[in-house]
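Novice: The lines below spell out each chain.
Protein chains: 4
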Amino acid sequence: MIVKSLTSRGMRTRAALLRAGREAFDEHGYDTVRIDDVCARAGVSHGTFYTYFDSKESLFAEVAGAAMGEMFAASVVGPSAPADPYARIEAANRLYLRAWSANSRLMRTLEHAATADDRFGRLLMELREVFVRRGADGVRRLQEQGLADPTLDPRLTAVMLGGMVEHFAHVWLDLGEQADEETAVDHLTRLWARAIGLTPPSSTDARSSVLEEDA
Amino acid sequence: MIVKSLTSRGMRTRAALLRAGREAFDEHGYDTVRIDDVCARAGVSHGTFYTYFDSKESLFAEVAGAAMGEMFAASVVGPSAPADPYARIEAANRLYLRAWSANSRLMRTLEHAATADDRFGRLLMELREVFVRRGADGVRRLQEQGLADPTLDPRLTAVMLGGMVEHFAHVWLDLGEQADEETAVDHLTRLWARAIGLTPPSSTDARSSVLEEDA
Amino acid sequence: MIVKSLTSRGMRTRAALLRAGREAFDEHGYDTVRIDDVCARAGVSHGTFYTYFDSKESLFAEVAGAAMGEMFAASVVGPSAPADPYARIEAANRLYLRAWSANSRLMRTLEHAATADDRFGRLLMELREVFVRRGADGVRRLQEQGLADPTLDPRLTAVMLGGMVEHFAHVWLDLGEQADEETAVDHLTRLWARAIGLTPPSSTDARSSVLEEDA
Amino acid sequence: MIVKSLTSRGMRTRAALLRAGREAFDEHGYDTVRIDDVCARAGVSHGTFYTYFDSKESLFAEVAGAAMGEMFAASVVGPSAPADPYARIEAANRLYLRAWSANSRLMRTLEHAATADDRFGRLLMELREVFVRRGADGVRRLQEQGLADPTLDPRLTAVMLGGMVEHFAHVWLDLGEQADEETAVDHLTRLWARAIGLTPPSSTDARSSVLEEDA
DNA sequence: AATGAATGAGTTTTCATTCAT
DNA sequence: AATGAATGAAAACTCATTCAT
Numbered sequence: 001m002i003v004k005s006l007t008s009r010g011m012r013t014r015a016a017l018l019r020a021g022r023e024a025f026d027e028h029g030y031d032t033v034r035i036d037d038v039c040a041r042a043g044v045s046h047g048t049f050y051t052y053f054d055s056k057e058s059l060f061a062e063v064a065g066a067a068m069g070e071m072f073a074a075s076v077v078g079p080s081a082p083a084d085p086y087a088r089i090e091a092a093n094r095l096y097l098r099a100w101s102a103n104s105r106l107m108r109t110l111e112h113a114a115t116a117d118d119r120f121g122r123l124l125m126e127l128r129e130v131f132v133r134r135g136a137d138g139v140r141r142l143q144e145q146g147l148a149d150p151t152l153d154p155r156l157t158a159v160m161l162g163g164m165v166e167h168f169a170h171v172w173l174d175l176g177e178q179a180d181e182e183t184a185v186d187h188l189t190r191l192w193a194r195a196i197g198l199t200p201p202s203s204t205d206a207r208s209s210v211l212e213e214d215a
Numbered sequence: 001m002i003v004k005s006l007t008s009r010g011m012r013t014r015a016a017l018l019r020a021g022r023e024a025f026d027e028h029g030y031d032t033v034r035i036d037d038v039c040a041r042a043g044v045s046h047g048t049f050y051t052y053f054d055s056k057e058s059l060f061a062e063v064a065g066a067a068m069g070e071m072f073a074a075s076v077v078g079p080s081a082p083a084d085p086y087a088r089i090e091a092a093n094r095l096y097l098r099a100w101s102a103n104s105r106l107m108r109t110l111e112h113a114a115t116a117d118d119r120f121g122r123l124l125m126e127l128r129e130v131f132v133r134r135g136a137d138g139v140r141r142l143q144e145q146g147l148a149d150p151t152l153d154p155r156l157t158a159v160m161l162g163g164m165v166e167h168f169a170h171v172w173l174d175l176g177e178q179a180d181e182e183t184a185v186d187h188l189t190r191l192w193a194r195a196i197g198l199t200p201p202s203s204t205d206a207r208s209s210v211l212e213e214d215a
Numbered sequence: 001m002i003v004k005s006l007t008s009r010g011m012r013t014r015a016a017l018l019r020a021g022r023e024a025f026d027e028h029g030y031d032t033v034r035i036d037d038v039c040a041r042a043g044v045s046h047g048t049f050y051t052y053f054d055s056k057e058s059l060f061a062e063v064a065g066a067a068m069g070e071m072f073a074a075s076v077v078g079p080s081a082p083a084d085p086y087a088r089i090e091a092a093n094r095l096y097l098r099a100w101s102a103n104s105r106l107m108r109t110l111e112h113a114a115t116a117d118d119r120f121g122r123l124l125m126e127l128r129e130v131f132v133r134r135g136a137d138g139v140r141r142l143q144e145q146g147l148a149d150p151t152l153d154p155r156l157t158a159v160m161l162g163g164m165v166e167h168f169a170h171v172w173l174d175l176g177e178q179a180d181e182e183t184a185v186d187h188l189t190r191l192w193a194r195a196i197g198l199t200p201p202s203s204t205d206a207r208s209s210v211l212e213e214d215a
Numbered sequence: 001m002i003v004k005s006l007t008s009r010g011m012r013t014r015a016a017l018l019r020a021g022r023e024a025f026d027e028h029g030y031d032t033v034r035i036d037d038v039c040a041r042a043g044v045s046h047g048t049f050y051t052y053f054d055s056k057e058s059l060f061a062e063v064a065g066a067a068m069g070e071m072f073a074a075s076v077v078g079p080s081a082p083a084d085p086y087a088r089i090e091a092a093n094r095l096y097l098r099a100w101s102a103n104s105r106l107m108r109t110l111e112h113a114a115t116a117d118d119r120f121g122r123l124l125m126e127l128r129e130v131f132v133r134r135g136a137d138g139v140r141r142l143q144e145q146g147l148a149d150p151t152l153d154p155r156l157t158a159v160m161l162g163g164m165v166e167h168f169a170h171v172w173l174d175l176g177e178q179a180d181e182e183t184a185v186d187h188l189t190r191l192w193a194r195a196i197g198l199t200p201p202s203s204t205d206a207r208s209s210v211l212e213e214d215a
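Chains as they are written, first to last, in UniProt numbering: chain A, 1 to 215; chain B, 1 to 215; chain C, 1 to 215; chain D, 1 to 215.
Since the hints were made in silico from the structure, they are not lab data.
Hints may be right or wrong, so weigh each one.
Derived lysine to any residue pairs resembling SDA-like cross-links, with alpha carbons at most 20 Å apart [claimed, not checked]:
1) A/Lys56 <-> A/Val44
2) D/Lys56 <-> C/Ala116
3) C/Lys56 <-> D/Gly197
Go ahead and model the full structure; you've got the sequences and the hints to work with.
Specialist: Below you can see the structure in the form of structure tokens.
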């Protein structure tokens, strides 16, 4: 589907469909959503849908792609991040939780769609890989600096601890596990840091710690 | 649907449908599976299906219920388990991975079905709660014995570390992350133990403490 | 679509759909016919249609195939045919007109469907080829016996004169050109015979020659 | 739809649509063609279509009407035609084949459209009638001059032999039957002439007779 | 005049479920 | 008990046509 020269009205409609689709997928998953639901939500007739998208699948691909982009962008610990390893881990965890808070349901839906459609499976694999690599690099760096247990496999460790954060995000945001963000971030960070053998913040008494992250 | 007095032939047919359903849900998720698929797999006509089940939903409820039972039973660290806390954690992790290896896909499917149907949502909640409580009890006991960081919230910690194991099981079994069981169990256990501040094995001879209790 | 073990009831339904389809295609061509029309005519729900056929296309393929078979079978000048060349031509023309009277509309429809779907195009080509070859063989044989103009190209002649008969059948049966069968057959035969230079009946006693061979 | 005073730009657009429609109908028949196809081909938006035509049907009516006009005009054996009957038949056949070579597909489409829409049926009837009458007149004249078998029914003969030419044009042009024009015209003419009992050329000097008259 | 966004009636197709045998 | 034929409610998708700009 080649969408040519959209007028501003067309762009508005397309955006409305995208937004409606995102909401619908968020609330009802993939299979359950009917094109008509999306159209009703966007306030257009179902005929109009096909002016902008080929199928439900292609709408979802776009919605999911955008969400993945957001996830990715939102979880980058920028260069202005603290130098202290512990603080960096904390910043990363906080960012990750926040990124998930906007996209958690959709990511689950994507994961489910992946079961039925390889295309989405591949999309998801790529995203995971980026995160895993990033985590593994972090672990490896700490090991090289003598700050983390050198006998741990960096990738495996990243998969496991990254999974801990991801899974918690899901449980917390989607399944309603009670916790306030501060406590959650604090626990995740302490568990993560200690798990790899990172000595808690300052060599003195590690009670609180923390610095902030970048946007 | 009240199925009364099944003849042995009837029981065989019912079992075949159950098995076929389990396989089908495992391979294709929930929405995608058609009753006809299940019947074909079980070698019965679709008419027969309704002799034993009310609907696809009720078949799935039964399949999922059975899987949850298995999961639950399989992950109990029995009385013959070691007394050493570290060894107990290790045993629990190993059991957990094994239990998941048989039910991982189905659990994902159940989780997905929960999105669409509250009934499954509640089922899943209960299962989670059992595991979380068990984990939290374990952490609390270690804290009481002075073997684990007393400032950690037991429930939150159990949610997070339990999630780590569960998520890894998924990544490992469903998404094809490479790792052999020994290494996986070893890493999970080390990360878990150190995360809560449990001094690695050898050091002390842990006399009593437990992480897992029998059901 | 593999139709397995049809019960007699199933066979009846299938036959009803086939008959209904045949009628509908006869009356309304291909594109205009809706599956529901066929079902209504057959007195079954549209769901039932798909128990027996994959699509409108596959129904038509079967209907058309059957019609072609009939056409073919019906137009064979059997061994009991007269030996006299002129009489043979006459017999062939009469048979051909009769075969067309049952299938004319459908053949037009098939020809039209061929425009849109290559599959039908190929089907039609084959049918034509059989008739053309038969006709050409007949002409050639008469030429060899010195009964027909030897300078005519047998195939081209068969295409043209065969076309004359076919086209007349269409005009007569579908477009309502008035003529009684006797006169029509008589004219077609005289035109055909004289066109190839065959001396009209009586004159010589043609012992053997043939225009048509048995299948 | 009354289109009043078209500007030259309007006329250009209209002509473009007509040309595009003609091409599209030629290639894809009637039902298959979408208004959008025509518009795309003409390089205008689909909205514009309705400035010039009421519907697909009315576009086709115009396209078909024009084609019929061409057919008719092109097949007139003008006053400069030879006086010799055989030569006149030959000229008529050649003209007919040529006229068909430009309109063959469209005529088939028209014939098919006639199945669905009476309006086109009537249009077609009229065209046929003109040709048939012309042919019948020609035959009658030859009979009156003692050059053709007087026992033949003029109309029926014209229908049959005219059909031979028409059908051959279709087979040759649309279905790919191989033949070069010279041979085709030669065969058609010989078959036609001999069929009605017209003594081949040379023999006598046919002074007057005509098969075709100017419109 | 031209554009292209919007509409919605019309069709095909799927599949859970019922029912006669 | 088992079968498989029949049903019909959904849902996706197409496309001629209208209309605001």
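Novice: Now, for every hint given, state plainly whether the structure supports it.
Specialist: Structure-based check of each hint:
1. A/Lys56 <-> A/Val44: Holds: lysine 56 of chain A and valine 44 of chain A sit about 15 Å apart, inside 20 Å.
2. D/Lys56 <-> C/Ala116: holds (18 Å)
3. C/Lys56 <-> D/Gly197: violated (49 Å)
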